[in-house]
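Novice: Residue numbers (this note's numbering): 1341 to 1431.
No false leads were mixed into what you were given.
Across the chosen pairs, the derived CB separations fall in these ranges: (1) A1367 with L1417: 14 to 22 Å; (2) P1374 with A1397: 32 to 40 Å; (3) V1398 with G1353: 33 to 41 Å; (4) T1363 with G1416: 28 to 36 Å; (5) D1402 with G1378: 31 to 39 Å; (6) R1364 with V1343: 14 to 22 Å; (7) T1377 with G1418: 15 to 23 Å; (8) G1350 with L1392: 13 to 21 Å; (9) G1353 with A1397: 33 to 41 Å; (10) D1368 with E1394: 15 to 23 Å.
Bear in mind the hints are in silico, worked out from the structure with no lab data behind them.
Everything numeric in this text was worked out from a predicted model, so none of it was measured.
Backbone N, C-alpha and C fix where the C-beta goes; we use that ideal spot for every residue, glycine too.
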Amino acid sequence: MTVLHAHDHGGDGPLLLLLHGATRSLADWNAVAPLLTGSHRVLAVDLPGHGLSEPAAVWSFDTPLADLDETLAARGLGGWGGRCRGRRRVP
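Start from the sequences, fold in the hints, and give me the full structure.
Specialist: Here it is as structure tokens:
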């Protein structure tokens, strides 16, 4: 497992974990994240092999979840709840 590169935007309220899409980075959230800190603690993360996070030594579908769990634990934010809401970009 690996601790991923993350940017903690701060804020008050429940944790809101911002994840980027394929071939992107946490920088995608720089304009939006500050707007969310009034109601949430906002953490944007570079997934393995993206942005400033190192690639996984061995990759599986469980690798990113394990890395997210390790990253949250290292910041004292508990573990990954496994609950996910996503949005698809429509042209």
